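Participant: Place chain G on chain C using the hints.
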Amino acid sequence: MNVSVRVSVFLLALGLSCSLLTSRVDATEPDYARETRLANQIVDMILDGDPVWLEANAHEFLGIYTEADEPRAAVLILHGRGFHPDWADAVNPLRVGLVEHGYSTLSLQMPVLDKEAKYYDYVPIFDFAHARIDAGINFLRDAGYRKIVLLAHSCGVHMAMDWMADHGDDSIDAYIGLGMGATDFGQPMRKPFPLVQMRVAVLDLYGANEYPAVIRGAGERKAMIETAGHPRSQQLVLPGADHYFTDQGDPLVSTVAAWLERLE
Amino acid sequence: MKFGPNLKTGLFYLGIWVALMYVPVLAMAGPPGLELPSGAEIEIKVYDVQGAATILWLPAPPLRLTDIDGADFSLDAYRGQVLLVNFWASWCRPCVAEIPSLHRLDATLKHTDFKIVTVNVGEDLARVNRFLRQVPVELPVLMDYDASISKDWMIYVYPSSYLVDRQGNYLTHTLGHLNGIQRKLSG
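If you read the protein sequences in the order shown, they are chains C and G.
Take the first sequence: its letters are residues 27 to 290, numbered as in the working numbering.
Take the second sequence: its letters are residues 3 to 189, numbered as in the working numbering.
In the DSSO-like style, the derived pairs of lysine-lysine whose C-alpha atoms are separated by at most 30 Å in a straight line are:
id, chain 1, residue 1, chain 2, residue 2
1, C, Lys248, G, Lys153
2, G, Lys117, C, Lys248
3, C, Lys173, C, Lys217
4, C, Lys173, C, Lys248
To spell it out: a stretch of chain C is covered by chain G in this simulated footprint if at least three of its residues, at any positions, have a beta carbon under 8 Å from a beta carbon of chain G; those stretches are:
id, segment
5, 241 to 251
6, 262 to 272
7, 277 to 284
Note that these hints are calculated values from the structure, not bench results.
The structure presented is a predicted model; accordingly, all values stated were derived computationally and were not measured.
The beta-carbon is built from N, C-alpha and C at its ideal position, and this holds for glycine as well.
Chain C on its own, in the form it takes in the complex:
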């Protein structure tokens, strides 16, 4: 192979690599059509809880409301990137399991994009998540809940933290972050989490087999939580759990419920 062919092959490979690394989904709003497809797939499959249709940014979106007998509080659940409010690994166990511990749950459909979308593709649509969190809180207030806990997983954490940075934490009573700080390769977080400013109790729960970014950031998050100073805030590690808490539903629910009970 002569030199010019080698250079051409190298440049082609380099260009392909760069295009893969920088590939992006240029979206200025959620993929509403995909959200509708997801909702249509799951609504008829819901065994526990009831679908509710909320509105944000002039669009309806799905929530699943599951009421506890004599509820102690309500937990508003935000799923991770590209999933839905009944996602099997972490969300369904929590939205159903917490009810058995006396906590009603409202699990929201968060904004989704194309399957290929990365963290940086989602950052521009975080504002759409704000309106959904507000709508969820309003729904729970209207249902009579005085105590509302915000629980978010993975990309839902980024959305919740962005909402928190914008709105403060006055309208919630506690915050639970699962797998906080996960991003894509080569995409460091755009904004630091506003944990230092938070006045409510925070539970930072992650798996022992988490993504490296989540584990690397654990010390910094713990320091921020301690600086914020709420005496009930904790950072905990679930052994055997990965970022998605695969097959860890029972210990996940037990841990979250045990922490919530300690807040009362």
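Facilitator: Only chain G this time, still in chain C's reference frame:
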């Protein structure tokens, strides 16, 4: 509701407790080693301290392990003393972060009958020794190599600690760091 093996163990002990409380014949035939304070009642306590849990006052399961030097350890040797049993692993960052708190707690209460032991869960001795060279732990370090003891003790998240009373009963289970326990003991 589906009960896991740990909950079943807890309910088993609770069942024994209830049986011993209310059925004298069964009490006479109770299992050896299960000591009941005279006139004791089933006690459910909610401690309003950071990290403390609602705990049934149940006998703690056996804690027969060896330490990092291979010496045998048994909970029975600590009867008559209040014992904090802290479960940890070297990969658990909040566990590592609370080691100084454990040292402070131990120093504060060293002239009392309060003792601390730590249990490393599921790691091999070489790894733990490497870790201890970097982060010295000036407390007994017991080795639960196969994590079987931690399962008996219902440990499902780290850091976790149990406070065991002078009769060998669970008092409190804490999730996470231990400032609340320190406050409770010292206050």
